[in-house]
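Q: These are the residues of each chain, in order.
Number of protein chains: 2
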Amino acid sequence: MQLYGYWRSSAAYRVRIALNLKQLSYDNLPVHLIKNGGEQHSDRYKLLNPAELVPTLIDDGLTLNQSLAIIEYLDEVYPEPSLLPQEPAARALVRALALDIACDIHPLNNLRVLQYLTGPLAINEAQKLQWITHWLSTGFAGLERRLQDTAGQFSVGDEITLADLCLVPQVYNAQRFALDMSAYPTISSVHHHCQQLAAFALAAPEQQPDAQ
Amino acid sequence: MQLYGYWRSSAAYRVRIALNLKQLSYDNLPVHLIKNGGEQHSDRYKLLNPAELVPTLIDDGLTLNQSLAIIEYLDEVYPEPSLLPQEPAARALVRALALDIACDIHPLNNLRVLQYLTGPLAINEAQKLQWITHWLSTGFAGLERRLQDTAGQFSVGDEITLADLCLVPQVYNAQRFALDMSAYPTISSVHHHCQQLAAFALAAPEQQPDAQ
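Protein sequences appear in the order of chains A and B.
So for the first sequence, full-length UniProt numbering puts the first residue at 1; every next one is plus one.
So for the second sequence, full-length UniProt numbering puts the first residue at 1; every next one is plus one.
Fair warning: there could be bad hints in the mix.
Which copy is meant is left open, so a pair is good if it fits within one copy or across any two.
Said to hold, decoys possible - Listed below are the simulated SDA-like cross-link pairs for lysine to any residue, each with C-alpha atoms no more than 25 Å apart in a straight line:
#: 1; residue 1: 128; residue 2: 110
#: 2; residue 1: 22; residue 2: 125
#: 3; residue 1: 46; residue 2: 179
#: 4; residue 1: 46; residue 2: 137
#: 5; residue 1: 46; residue 2: 141
#: 6; residue 1: 46; residue 2: 82
#: 7; residue 1: 46; residue 2: 209
#: 8; residue 1: 46; residue 2: 149
Simulated from the structure, these hints should not be mistaken for lab results.
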């Protein structure tokens, strides 16, 4: 397998955790999102991923994009350990928690959005941090309330699920922007338990070959 | 079943299409996203959905949120007609197209984001339209290239899938903001074929009891 990603991309980070949990080896192929105007916009990369975003995973000649679609694919083709429960209601809960992050928090603070805010919309650095903090704290407030009902060691009980693969990169992102995590004890606890596992620790941005 | 939604919400619109395709009857419970500062922020609604977003679906005492998680749940519990192919690679393709819209286009032009841009960030109406158009055209450009490889009558071949349930509401949104669709002939063709079906037509915002 080949994973085209970027060390700090939350979406690539999710896929790295999944690959590690399933003990699937892969070539880590960095796509630098800033250098040369962004390598994700190169003609070569656009052929792999017309959305010009990371990650892209190649498995057995198959080109896959969108981190959650990639992880569900991996879970179907390489089912051990499973990242989703078996029962439909529990699967819906896990997927909803993952999407709470992947649809309603992460896209708003993505690099390309921040670049548009500070570029064409010309907002200043203080406004940019206010924007980032607003969407993180709004999203984490709802997530914290939901996890209070569902979490054990991990987001849903005591098994690792897709929800945890989204939570850990989002907390990494929040810490990077110095969000005060004291209002989110359940999110913090889940994050702490995940970080004890090698599959999560080795997927961390700083552990990647393209980390700066 | 009870569906808490809003006539113009793309996410609620996706779920309405799924319910119609599966011929599942439901009570349509409008949550007005603007009136009274937004009914989604009421104490009563927050108990159902701590993220204070629509839709929320109640099925047999189960409270479900996130449109894509709801639709996957419906597809698992009420499998006819199926909204995902059987084969993992094809499922990944359909999910990726759905997420291209649900993660990378829709959240950026959502009501709460536009409210934040025109409120705290004080951008003007021309800048707001520029923002909307930028993310629509960026997202549609990538989607058009992908659909050129995958589409038949619908997004993936000639069967309705989850991807179509995301595409149609996003095109509705684009038309509302007068996006020039001439650059996206494949998206337009898929949209046209979907609109011929009653399940899509009856799910349209203007057909809802809370339409204004």
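Q: Hints first: check each against the structure and report whether it holds.
A: Status of each hint after checking the structure:
1. 128 to 110: Intra 12 Å, inter 19 Å, cutoff 25 Å: intra and inter.
2. 22 to 125: neither (40 Å within a copy, 49 Å between copies)
3. 46 to 179: Between copies only: 23 Å across chains, 34 Å inside a chain, cut-off 25 Å.
4. 46 to 137: between (34 Å within a copy, 16 Å between copies)
5. 46 to 141: Answer is between: at 11 Å across copies they meet the 25 Å cutoff, but 36 Å inside does not.
6. 46 to 82: Cα proximity of residue 46 and residue 82: none, with 32 Å in one copy and 31 Å across.
7. 46 to 209: For residue 46 and residue 209, only the intra-copy Cα distance (22 Å) is at most 25 Å; the inter-copy one is 43 Å.
8. 46 to 149: between (42 Å within a copy, 14 Å between copies)
Hints 2 and 6 from the earlier list are contradicted by this structure; the remaining hints agree with it.
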